[in-house]
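A.B. asks: The working numbering puts the first residue of the sequence shown at 1, with every later residue one more than the last.
Just so you know, these hints were derived from the structure itself, not from any lab.
There may be inaccurate statements among the hints.
[Said to hold, decoys possible] In silico lysine to aspartate or glutamate, DMTMM-like type, Cα no more than 20 angstroms apart, as pairs:
1) Lys-368 <-> Asp-25
2) Lys-368 <-> Asp-319
3) Lys-42 <-> Asp-32
4) Lys-42 <-> Asp-60
5) Lys-42 <-> Asp-56
6) Lys-368 <-> Asp-56
7) Lys-368 <-> Asp-110
8) Lys-42 <-> Asp-25
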Amino acid sequence: MSGVISDNTVRSSGAIAPLTSATLDANNPAVDTNPTDGVGTKWINTTSGQIFICIDATTDANEWIGQTTTSIQPRVFCAGGVKSITGHAGVGKINVIEYINPGTLGDAIDFGDLLDTIQYFTGTSNGVNDRGVFGGGCSTTNCPTNEIQYLTCSTLGNTIDFGNLTVARTQAGACSNGTSDRGCWSGGGLAGTDNPTNIIDYITISSTGNAADLGDLIVARDYTASLSNGTNDRGINASGRESGGSPQTQTIDYWTISTHSGTASDFGDLTNTRMAPATASNDTNNRGLFMAGSYGATYGNEIDYITINTTGNATDFGDMAGADPAGYPTMNGDRGHPGGSSNGTAERGFCFGGYTYTGPGGVESWYKQIEYVTISTPGNSSAFGNLTNMIYGPGNLSNTFG
1 MSGVISDNTV RSSGAIAPLT SATLDANNPA VDTNPTDGVG TKWINTTSGQ IFICIDATTD
61 ANEWIGQTTT SIQPRVFCAG GVKSITGHAG VGKINVIEYI NPGTLGDAID FGDLLDTIQY
121 FTGTSNGVND RGVFGGGCST TNCPTNEIQY LTCSTLGNTI DFGNLTVART QAGACSNGTS
181 DRGCWSGGGL AGTDNPTNII DYITISSTGN AADLGDLIVA RDYTASLSNG TNDRGINASG
241 RESGGSPQTQ TIDYWTISTH SGTASDFGDL TNTRMAPATA SNDTNNRGLF MAGSYGATYG
301 NEIDYITINT TGNATDFGDM AGADPAGYPT MNGDRGHPGG SSNGTAERGF CFGGYTYTGP
361 GGVESWYKQI EYVTISTPGN SSAFGNLTNM IYGPGNLSNT FG
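When you get a sec, could you build the whole thing from the sequences and use the hints?
C.D. replies: What follows is the structure, given as structure tokens:
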């Protein structure tokens, strides 16, 4: 044998054709990279060292999967929020970051601390590239705040300053296009009473710096929520309150994360009006969930789902389970301001904590439960474990998206 690798493409001869050389670039590939070599094209980000493989070369709708040189442990995070000691009264914001191993039932584990105590902030990540980012919210220092902070999901520790959103705001929706590395914050409440915005900001997650304007939602709203289908590149924002503290909305907007400019487009409606639901998606499998939420003075346990890469109204998925912590059985899992995330194509969606106000004498009730569903299979939630504290209004993210 000569040891020479043949360029003969006739496999019946037993010769091995050379592998296609990788594209070297300082950035990640995007949905409109459109590689001439099609499916199987290898791309190396010379800045981060991340390797990508093209698994769908459809024109302007490419799908790339990030490959890491080391195994990243899947983690789903829950951070901050307002804490209760007794289950019936709040004691203030916290800075605790906890995580779960999404494939194994159990309680949350301490990860580190946020830069400040904070609630009503939201998070996203660049998936298996392993950086999580939290932005906005109401901190002890500033309410609202424009602060963005980040963590390395696989390494225990505290968050680090990333930069700032274009405007300070609370309860904006946050999502990303996964390893394509763009994160977005949409809507949210500005300083002042009942003062929502329609701004959509973006950042490049693997770098640091301030956010830039990407476009607008159809209508300004706060207490809203977002999700995406990862590298399939569609951002979704739904629910919230419109200007002037008007009743809750059921509007769903969508946009293309990597290229959007201008105003988002109408997607459809949730099954009912609400604000601040928990969200989760199964990444490129294209299903998104909106779980529980607030209806003003009341709270719900409904779970809706949408097919992210199409448009249309949401459909009933099931209900949140779990007894109300105050012991009132009529609650049946009702909760407002919970947190939500998922482990992507592994198909588990999670709901963290939450708050209710009901029962004899208008008793407040706070959750520490973590509930989960199988995103591809409609049904009610099941118990996963517990957070360390009873909280509502946390920020959430995971490092599981491709």
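A.B. asks: Compare the structure with each hint and give your call.
C.D. replies: Tested hints:
With a C-alpha separation of about 45 angstroms, the suggested pair Lys-368 and Asp-25 falls outside the 20 angstroms cut-off, and the hint is violated. Among the hinted pairs, Lys-368 with Asp-319 is consistent with the structure: their alpha-carbon atoms are about 18 angstroms apart, no more than 20 angstroms. Proposed proximity of Lys-42 and Asp-32 is supported: the alpha carbons are some 15 angstroms apart, at most 20 angstroms. About 17 angstroms separates the Cα atoms of Lys-42 and Asp-60, which keeps this hinted pair within 20 angstroms; it holds.
Among the hinted pairs, Lys-42 with Asp-56 is consistent with the structure: their alpha-carbon atoms are about 12 angstroms apart, no more than 20 angstroms. Taken as a hint, the Lys-368 and Asp-56 pair is broken in the structure, with Cα atoms around 41 angstroms apart against an allowance of 20 angstroms. Proposed proximity of Lys-368 and Asp-110 is supported: the alpha carbons are some 14 angstroms apart, at most 20 angstroms. The hinted pair formed by Lys-42 and Asp-25 meets the criterion: a straight-line CA distance of about 11 angstroms does not exceed 20 angstroms.
Hints 1, 6 from the earlier list are contradicted by this structure; the remaining hints agree with it.
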